[in-house]
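What follows is the residue order along each chain.
Protein chains: 2
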Amino acid sequence: MAGTNSTAKKPEAPALHAPAIILVKPQLGENIGMCARAMLNCAVTDLRLVLPRDGWPNPSAVAAASGATDLLDNARVFDTTEQAVADLTYVLATTARGRGMVKDILDPHAAAKEIHKHNAASAEQKCGILFGCERSGLDNDDIALANAILSIPLNPGFTSLNLAQAVLLVCFSWLSSENPFKPAAAPESATPSDELQNDAPAPQAEIETLLKHLQSQLEENNFFRSAEQKPTLLRNIRNYFFRSNPTRQDVRTLHGIFKALSGNRDWK
Amino acid sequence: MAGTNSTAKKPEAPALHAPAIILVKPQLGENIGMCARAMLNCAVTDLRLVLPRDGWPNPSAVAAASGATDLLDNARVFDTTEQAVADLTYVLATTARGRGMVKDILDPHAAAKEIHKHNAASAEQKCGILFGCERSGLDNDDIALANAILSIPLNPGFTSLNLAQAVLLVCFSWLSSENPFKPAAAPESATPSDELQNDAPAPQAEIETLLKHLQSQLEENNFFRSAEQKPTLLRNIRNYFFRSNPTRQDVRTLHGIFKALSGNRDWK
Numbered sequence: 001m002a003g004t005n006s007t008a009k010k011p012e013a014p015a016l017h018a019p020a021i022i023l024v025k026p027q028l029g030e031n032i033g034m035c036a037r038a039m040l041n042c043a044v045t046d047l048r049l050v051l052p053r054d055g056w057p058n059p060s061a062v063a064a065a066s067g068a069t070d071l072l073d074n075a076r077v078f079d080t081t082e083q084a085v086a087d088l089t090y091v092l093a094t095t096a097r098g099r100g101m102v103k104d105i106l107d108p109h110a111a112a113k114e115i116h117k118h119n120a121a122s123a124e125q126k127c128g129i130l131f132g133c134e135r136s137g138l139d140n141d142d143i144a145l146a147n148a149i150l151s152i153p154l155n156p157g158f159t160s161l162n163l164a165q166a167v168l169l170v171c172f173s174w175l176s177s178e179n180p181f182k183p184a185a186a187p188e189s190a191t192p193s194d195e196l197q198n199d200a201p202a203p204q205a206e207i208e209t210l211l212k213h214l215q216s217q218l219e220e221n222n223f224f225r226s227a228e229q230k231p232t233l234l235r236n237i238r239n240y241f242f243r244s245n246p247t248r249q250d251v252r253t254l255h256g257i258f259k260a261l262s263g264n265r266d267w268k
Numbered sequence: 001m002a003g004t005n006s007t008a009k010k011p012e013a014p015a016l017h018a019p020a021i022i023l024v025k026p027q028l029g030e031n032i033g034m035c036a037r038a039m040l041n042c043a044v045t046d047l048r049l050v051l052p053r054d055g056w057p058n059p060s061a062v063a064a065a066s067g068a069t070d071l072l073d074n075a076r077v078f079d080t081t082e083q084a085v086a087d088l089t090y091v092l093a094t095t096a097r098g099r100g101m102v103k104d105i106l107d108p109h110a111a112a113k114e115i116h117k118h119n120a121a122s123a124e125q126k127c128g129i130l131f132g133c134e135r136s137g138l139d140n141d142d143i144a145l146a147n148a149i150l151s152i153p154l155n156p157g158f159t160s161l162n163l164a165q166a167v168l169l170v171c172f173s174w175l176s177s178e179n180p181f182k183p184a185a186a187p188e189s190a191t192p193s194d195e196l197q198n199d200a201p202a203p204q205a206e207i208e209t210l211l212k213h214l215q216s217q218l219e220e221n222n223f224f225r226s227a228e229q230k231p232t233l234l235r236n237i238r239n240y241f242f243r244s245n246p247t248r249q250d251v252r253t254l255h256g257i258f259k260a261l262s263g264n265r266d267w268k
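Chain order of the listed sequences is E and F. For the first sequence, counting from 1, position 102 maps to 102 in this note's numbering; every step adds exactly one. For the second sequence, counting from 1, position 171 maps to 171 in this note's numbering; every step adds exactly one.
Mixed in with the good hints, there may be bad ones.
No copy is singled out in the list; a pair is fine if it fits within one copy or between any two copies.
Straight-line C-alpha distance at most 27 Å; calculated DSS-like pairs for lysine-lysine [to be verified]:
1) Lys103 / Lys113
2) Lys25 / Lys212
3) Lys259 / Lys230
4) Lys103 / Lys117
5) Lys103 / Lys25
6) Lys230 / Lys25
7) Lys230 / Lys103
8) Lys212 / Lys259
Note that these hints are calculated values from the structure, not bench results.
Could you build the full structure based on these sequences and the hints that come with them?
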């Protein structure tokens, strides 16, 4: 899909330290499936369900997961939130408001940093993030189990966000906070071809040659109306072409353009 | 919903400088509606549609927008991507891969910073982000119009992300990125000086006019040797000039150069 990066290398470390996602009393199987998809997008794989309303497994979840079925197969189901977080050392509760509890309130970026910090302290630490049901969110007893509150700051005039979107934003903030994946580089080829060469930035000398040609042609065509204007005009032209970071191919194309415009006269 | 923050203060500046979201040939109305919802979550309100497959307005979009209907009502529809970006000064194309084009590839965080930077430079600047259709993303001619590529780094083993999720991640990255630049001050004088105007990035429409002139002149001079080569050559040329981020003065200078090289014939 547009906007995804399918060429980067496979992640190794992050999955080990990814937080568990705990959905407390989720209602729709479809939402559980979309959460699984969002989690896997971000290399987050530990899904835990507390009392899913429609039972488990749930075919609607599989249908909505767009292939993230291993993650659903490995999901663990618990009767209470306490059991679901029993092995975790740091737990965040996602809520819309602080609910008057005296806990730190973190945004997704700060939460990600906190999770990395806990993981760095010991390989045995494991963090988790609680999400409440679609209708009413987490109840106060669930929130009481958490070390801190996670709140997603949105346009206060329009905060309606579905469960899977909330999970996506939180997981993506975690993934990208110390992102081990670089944006896709140009495709690598085993035998660097001419094409690759052409894509390389032009050496300054090639741009210089182009500009010298251009200058002499412009002089011939009375482009520089007055001697006073000439230095400024030339500087602007040079400035633009150097700033434009042409590739070697771009420089060749510009030679071709200038030559063609000049009626193919005297352009080397 | 769980995970949203309805107590934060109303944002003031961001909505003014939010990037336009341009959906190119979107297929499902439902996805357009979900994009609108994701945008409004992040105080991004300028939605533009290029040739929506099922026409416009579309009741499926309204049904999926969860109340973000004003945003849909104000969406503008265009026949071409060029028209949709004509007033923009900085355009990002969201793609999965670099597509072998020589452009910077930014992740959502870096893209947000770049947008803030452009907005800080002048209140009159306007940025936009292109998203392709659900099935195949943007085509190369659309990407050629962009100043840089936006790529969302995800788990390379599972990059399937729907359109609205991609829009959500990009808009949320913009909303939550700290604006390191002061908001652009309004132009001080009622009659902005020529110099100020000249240093401003050229709107896409001015670059487009330049390239149309150039193309017709090149056609007249038999620059395009064969019909097969022409589309690729043209795309490379367009790619280079859009990527070069010319100022309004640069565009005027390029007009002057092309005109002079052409022996001052027929160049307006």
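- Message: At most 27 Å between alpha carbons: which applies to Lys230 and Lys103, within, between, both or neither?
- Response: within (21 Å within a copy, 32 Å between copies)
| request: State whether the alpha carbon distance between Lys230 and Lys25 is at most 27 Å within one copy, between copies, both, or neither. | output: Intra 25 Å, inter 47 Å, cutoff 27 Å: intra-copy only.
Next on the checklist: My question is about Lys103 and Lys113: at a cut-off of 27 Å on alpha-carbon distance, are they close within one copy, between copies, both, or neither?
Outcome noted: Within one copy only: 17 Å inside a chain, 31 Å across chains, cut-off 27 Å.
Check: How would you classify Lys103 and Lys117 at a CA-CA limit of 27 Å: within, between, both, or neither?
Finding: Intra 18 Å, inter 35 Å, cutoff 27 Å: intra-copy only.
27 Å Cα cut-off: does Lys25 pair with Lys212 within a copy, between copies, both or neither?
within (24 Å within a copy, 44 Å between copies)
- Query: For Lys103 vs Lys25, is the C-alpha pair at or below 27 Å within one copy, between two copies, both, or neither?
  - Reply: Close inside one copy (23 Å), not across copies (46 Å); limit 27 Å.
Exercise. Pop the pair Lys259 and Lys230 into one bin, within, between, both or neither, using alpha-carbon distances up to 27 Å.
Key: Both: 22 Å inside a chain and 17 Å across chains, each within 27 Å.
Lys212 and Lys259: within-copy, between-copy, both or neither at 27 Å Cα: both (13 Å within a copy, 18 Å between copies)
The structure meets every hint from the earlier list without exception.
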